[in-house]
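*Asks:* Chains B and C: place on chain A using the hints.
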Amino acid sequence: MNNLLKLSALELKNAISRGDTTATEALEAYLHEISVQDGALRAYNEVLVDEARDQARRIDDMRKIGESPGLLAGIPIAIKNNLCTTWGRTTCSSKMLANFRAPYTATAVARIRQAGAVVLGKTNMDEFAMGSSTENSAHGASVNPWDLSRVPGGSSGGSASAVAGSLCSAALGSDTGGSIRQPAALCGIVGLKPTYGRVSRYGLVAYGSSLDQIGPMTRDVADCAAVMNVIAGHDPADATSLDRPVPDYLANLDEPIKGLRIGLPREFLSDALDPEIHRAIENAVEVYRSLGAEVKEVSLPHSRIDSGAGGELSSFAVACYYIVATAEASSNLARYDGVHYGHRTERDAADIIDLYSRSRAEGFGDEVKRRIMLGTYVLSSGYYDAYYLKALKVRRLIKNDFDEAFETCDILLCPTTPSPAFKMNEKTADPLEMYLADIYTISVNLAGVPAISIPVGLSSRNLPIGMQLIGGVFREDVVLRAARMFEKASGICRLTPPPLGRDAE
Amino acid sequence: MSEQATEVLAIVGLEIHVELATETKMFCRCRNRFGDPPNTNVCPVCIGMPGVLPVMNSKAVEYSLKVGQALNCELPSYSKWDRKSYYYPDLPKNYQISQYDLPLCKDGYLDVPLPDGSSKRIRVLRAHLEEDAGKNIHDNPAHTGVDLNRAGVPLLEIVSQPDMNTPQEALSFAREMQRLVRWLGVSEANMQMGHMRFEPNINLHITRGGTVYKTPIVEVKNLNSFKALEGAVTHELKRQYAQWLEDPEGFSLDRKGKQNRGWDDQRNITVFQREKEEAHDYRYFPEPDLPAVVVDDAWRESIRASIGELPLARRERFIKQHQLGSKEAEAMIQDADTGNLLDDATAMGAPPRRVVNLMLGRMSAAANEKGCALGQLGVSAAQLSQLAIMLEEGKLNATAGDKIIDHMIANGGSPLEIAGKLNLLAESNTAAVEQWVDQAIAANPDPAQQVRSGDKKAKQAFGFLVGQVMRISGGKAPPSAVKELLESKLSAK
Amino acid sequence: MSNKITPEVVRHIGKLARIELDDQQVEMLGRQLGDILRYVDKLQALNTDGVAPMAHAVEIHNVLADDAPGQSLTADEALANAPARDNDFFMVPKVLGDS
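Protein chains in written order, with the numbering used here: chain A, 1273 to 1777; chain B, 2 to 494; chain C, 9 to 107.
The shape of chain A in the complex, shown without the other chains (with noise of 0.2 angstroms):
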């Protein structure tokens, strides 16, 4: 592997702004990894090749006559396939759009090309976001780097994967109930969910959209910084972005927090939990005891996970949110219907209600369609009340849990996943059981609140577990200096998988 590949995102911008190396060298090495080894992990959609290079030639010729390139000069970055950009396609890994090509770039993607990073390519995921394993995709499934028989985990997998297999330097993902979280947690990754309203929106095709946020995914906490102070800020075209100053998450980063509140939600460690995860959690928790923190427990009463008889898990906040989310998406969803943009059936439509019909039903894959048929229902007469008004009380109910945590805390610590990395094909059977993969990360984005996930060690078959560090609206930077805190005191940081055995260097 080219040394290029093993540096963090900021040591390779330092290099380059050194002159150690260029933009385009960088972006070669990545390249040709990608080349190599993303036939194996299926991480891209589509690699912007010509659109790259074009940019690392513009930040070396920027350096060369003394301008500054810029926060992220020369990063090649990879970004989920359902950010828009005016090159390439913004596909959202389905059928339905397969061939789109966005008239517009989303603001996230704006700001890092604005801070010189190079854009490698759009990342697999599951379609339309929604999934946990990248198998809901209509490019095929992406792999994770550490077994590649197990999924890298969802919606933002693609970005993960290529995190973790270094076919990027970092990468963008979205979150709506644990897509940036639960995939980095299943590839030894850093993955930040921002408060709602901290990134813009604008260009990040709506899932859930009072639940979705854009974030970083990053292989340690200092380049997710990083990336934080580049897209984070208000943007006058996402009335939901918030018109606060941004802090800079890179200054004081590495300056301990002294007396560090964690609370310990009690719900999130029950006897449910796999054991290993478990005791991964437990030596974290000793580790900011040795830190000096103030360790305790607290309750998220309505964000309880309940294991029924036959051990099958169940949780008010995994309910609120399947409501939720699919309600907002089965509106969102409404506009992709064969006459604007995007797929129409070739089939002879007699009116046009089989055209919709037709168009919809080829486009879109059945976990989409499963999800807009319950969001529709929720909120179809004489179900509104009892199941979308029901879950936005509830939703309430589990905010006001957080609301009271953080009185007392300054950070929540707790699981990002039930268990490490599946298999293949292990979930995809039942619907109900994938959705169980977020339930750690579900009543975050219920909550608005940012949250964190990074690595806190391997599981006994070698997989990853990550460990999620919540913080209170707005405290983002509360919660990159918890997560730094532990990654210097561990020493776990930037876990390299294993050589896939193909590479040639």
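For the record, the hints were derived by calculation from the structure and aren't laboratory data.
Some hints could be false.
What the hints assert, rightly or not - SDA-like mimics (lysine to any residue), calculated; alpha carbons at most 25 angstroms apart, straight line:
{"#": "1", "chain 1": "A", "residue 1": "Lys1367", "chain 2": "C", "residue 2": "Glu85"}
{"#": "2", "chain 1": "C", "residue 1": "Lys102", "chain 2": "B", "residue 2": "Asp265"}
{"#": "3", "chain 1": "C", "residue 1": "Lys102", "chain 2": "B", "residue 2": "Phe35"}
{"#": "4", "chain 1": "C", "residue 1": "Lys23", "chain 2": "B", "residue 2": "Gln260"}
{"#": "5", "chain 1": "B", "residue 1": "Lys81", "chain 2": "C", "residue 2": "Leu72"}
{"#": "6", "chain 1": "B", "residue 1": "Lys222", "chain 2": "A", "residue 2": "Asp1623"}
{"#": "7", "chain 1": "C", "residue 1": "Lys102", "chain 2": "B", "residue 2": "Pro142"}
{"#": "8", "chain 1": "B", "residue 1": "Lys228", "chain 2": "B", "residue 2": "Pro163"}
{"#": "9", "chain 1": "B", "residue 1": "Lys460", "chain 2": "B", "residue 2": "Pro446"}
{"#": "10", "chain 1": "B", "residue 1": "Lys136", "chain 2": "B", "residue 2": "Tyr283"}
{"#": "11", "chain 1": "C", "residue 1": "Lys50", "chain 2": "A", "residue 2": "Asp1578"}
{"#": "12", "chain 1": "C", "residue 1": "Lys102", "chain 2": "B", "residue 2": "Asn141"}
{"#": "13", "chain 1": "C", "residue 1": "Lys50", "chain 2": "A", "residue 2": "Arg1668"}
{"#": "14", "chain 1": "A", "residue 1": "Lys1367", "chain 2": "C", "residue 2": "Arg19"}
*Replies:* Then chains B and C, alone, in the frame of chain A:
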């Protein structure tokens, strides 16, 4: 059927859609403009492309609140946006951003003048803001074309209570609403451009033999002229009565509920409309992409201050302040500009009566000829005021005044300059006037003698002599001076 | 006890959602949606009396834009992704009237 006494009461409510005259659309910054080439005032937001987000137009919200205030509505502290789902090709997202349970304005009323000089208070249930749909173009017999220029234009939907009982009342309400939104400057309310559309809800309460029968409520969709509104209500009342006579028990609100009908402009009848499939389950839910609108007292106060005097209040004021007749006052409030002209001219010192006579005389005729409003003739308050003062001071006679108005409309210029240029100024040289008077007396000895004698024809003869002086002077003799001179020269000796 | 949603209901929802479904899908969705709904039914156990519904993650208000024209697309740009067009119109099968 027995010939019992039957009482029929028509119950009519009206939904009025008003396109607001903002520069840009409701949720994106494409131009809100009628008549441009298809699909040129469009962007990713109003095409409903993936990943785009709406941002609300401050002007549209302000305009809506103004209308609400003018309709005496409550402007609630909290109002929010909802999505209304239905599939149609002119609705690119397949949902419309609208307001469901918490509109910007609610519970108001409008006092509507009726043709007989009375007025009626029609209650307003609510007024909410939403986005308009695009247009389906049906020119091609084989398929439909979709133009999204109108998609996303701000639309204020005003919903009345069913307080109208005749087609005339519905028409008067609609017309009063048109005047009001124009008055406030929030809509051009041009019917040809589709700025206003009506959807009346109509049924009958029929009392016979102590029983009240209610016919099914019919909503007539998408009427875009006053004629269609009046016609649809008129036809519907007749149709419903005829149908009720055929089947008084079966044709009832309880059994048939509410139905939609369309309007056939050619045949002047309402027609059965095939229901859009599943149209009734709109699945409203809160719009997650848009924060709420919170209206506080300061905002309410600024809205209240901004709407100024409304038509009926102005009408009353004109009657009191300037002693206008009710017809004259009504003419002065056809639109805001007309009354403003009167106010501005009188503020410059012009006598109101003179100004009103000029406006409702030659100016009104000219406006009719040009097919425009009085305020749009291009006559300024300063011109009008100067002209009125000149007339008052006897520097011009009425004929000259009319000539000057025509000239000002055609070429502009100040009345004084025009009067000079056209040689219309009254002669102020007393000797010259006296000479014309003497000439007239000399040329008409008989009438002069009649005046002197003070007989029964004296008055008529006096008028004749005044006319003769004017003729001789070429219209330049000031009538008051002429009268004075004639009187003194012909006083009975 | 069956949690299944009846085929009639599934078909009705399919119509509302404009998704054509064959009999096999109707059967499968009836079962799967039934399972999911049984799962989400657990929310009924929570007392939510007097709780205000929460539709937004972060509750802000009055985010307004100035009424100043911005950039629009050309008709060609607007129609670039259209599956079918007729001159500068999006083209669909014959429909009646406007919405």
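*Asks:* Give a verdict on every hint.
*Replies:* Hints versus structure:
no., hint, verdict
1, A:Lys1367 / C:Glu85, "holds, 22 angstroms"
2, C:Lys102 / B:Asp265, "holds, 20 angstroms"
3, C:Lys102 / B:Phe35, "holds, 24 angstroms"
4, C:Lys23 / B:Gln260, "holds, 22 angstroms"
5, B:Lys81 / C:Leu72, "holds, 13 angstroms"
6, B:Lys222 / A:Asp1623, "holds, 22 angstroms"
7, C:Lys102 / B:Pro142, "holds, 8 angstroms"
8, B:Lys228 / B:Pro163, "holds, 20 angstroms"
9, B:Lys460 / B:Pro446, "holds, 15 angstroms"
10, B:Lys136 / B:Tyr283, "holds, 20 angstroms"
11, C:Lys50 / A:Asp1578, "holds, 11 angstroms"
12, C:Lys102 / B:Asn141, "holds, 9 angstroms"
13, C:Lys50 / A:Arg1668, "holds, 16 angstroms"
14, A:Lys1367 / C:Arg19, "holds, 23 angstroms"
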